[in-house]
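Model the full assembly from the supplied sequences, consistent with the hints where possible.
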Amino acid sequence: MSRLLVAVAALLLPTLALADVDARFAKLRDESEPLGGLGAFLEKYIGACEGALVDPQCKSQAEAFRKKYQGKQLYMIVVEDDASMLSPGPYSPVTGEYTINITPFFPGGRYAMTHGAPKKSDGNGNPVLPYLTVTGTLPDGWNGQIFSRMFSMRGVRAQVVFTPQGVWSLPKKGGGKNYGVTARIEGLIVTEGRTGTQLGLWLNGKDANASR
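Letter by letter, the sequence shown follows residues -19 to -1, 1 to 193 of mature numbering (1 follows the signal peptide of the UniProt record, and there is no 0).
For the record, the hints were derived by calculation from the structure and aren't laboratory data.
Mixed in with the good hints, there may be bad ones.
Computed cross-link-like contacts, DSS-like style, restricted to lysine-lysine with a CA-CA straight-line distance of at most 27 Å [to be verified]:
| # | residue 1 | residue 2 |
| --- | --- | --- |
| 1 | K48 | K158 |
| 2 | K158 | K25 |
| 3 | K153 | K40 |
Note that the structure is predicted; figures quoted are calculated from it, not measured.
Written out as structure tokens, the structure reads:
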């Protein structure tokens, strides 16, 4: 019996850990469909319908998949090793207030999901997108060095709720095109990976902390 209780507890731990976030984001998350893998979703949503060996039904299958997810909210976790879109912004040692910059570009395999559709690329052919920013105040005992180190040591993660809206394309450096999925980010919460401490919240198109 004790082994069974341990096994049940192990299964519940991830759920309990995710529940301990801002109630506004938790409600949004719980109303969304969990995404198994971003890369697989983007492949099916965009539809890789080029080349001689492509399934003749490829385009119709992609259209049906897009229709299935029209207006649907999806939820995903960006773990620490993949959270390169998060970076430290300005920090005030006087007030302890900080900013986190979020490049709303979430790669998955050959493609990416973005908040809105990029209009241009940089010199390396990467889509250019404006930052989303969230703010907060460092907990007692923290300082700017600890704050910056969290990012350099890959110690932060993100949870994202988004609604896919369509497919974008941009010219690729050297020829061809880059494709991605344009989406609306409904909510994004940044936490310290080790403790789950909330660091910032983007909600309803703005920094939720700044709106309080």
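Consistency of the hints with the structure:
1. Distance hint between K48 and K158 is fulfilled; the C-alpha atoms sit about 23 Å from each other, no more than 27 Å.
2. Distance restraint check for K158 and K25: the Cα-Cα separation of roughly 17 Å lies within the 27 Å cut-off, and the hinted pair is therefore satisfied.
3. A hinted pair counts as satisfied when its Cα atoms are at most 27 Å apart, and K153 with K40 qualifies at roughly 22 Å.
Hint compliance for this structure: every hint is met.
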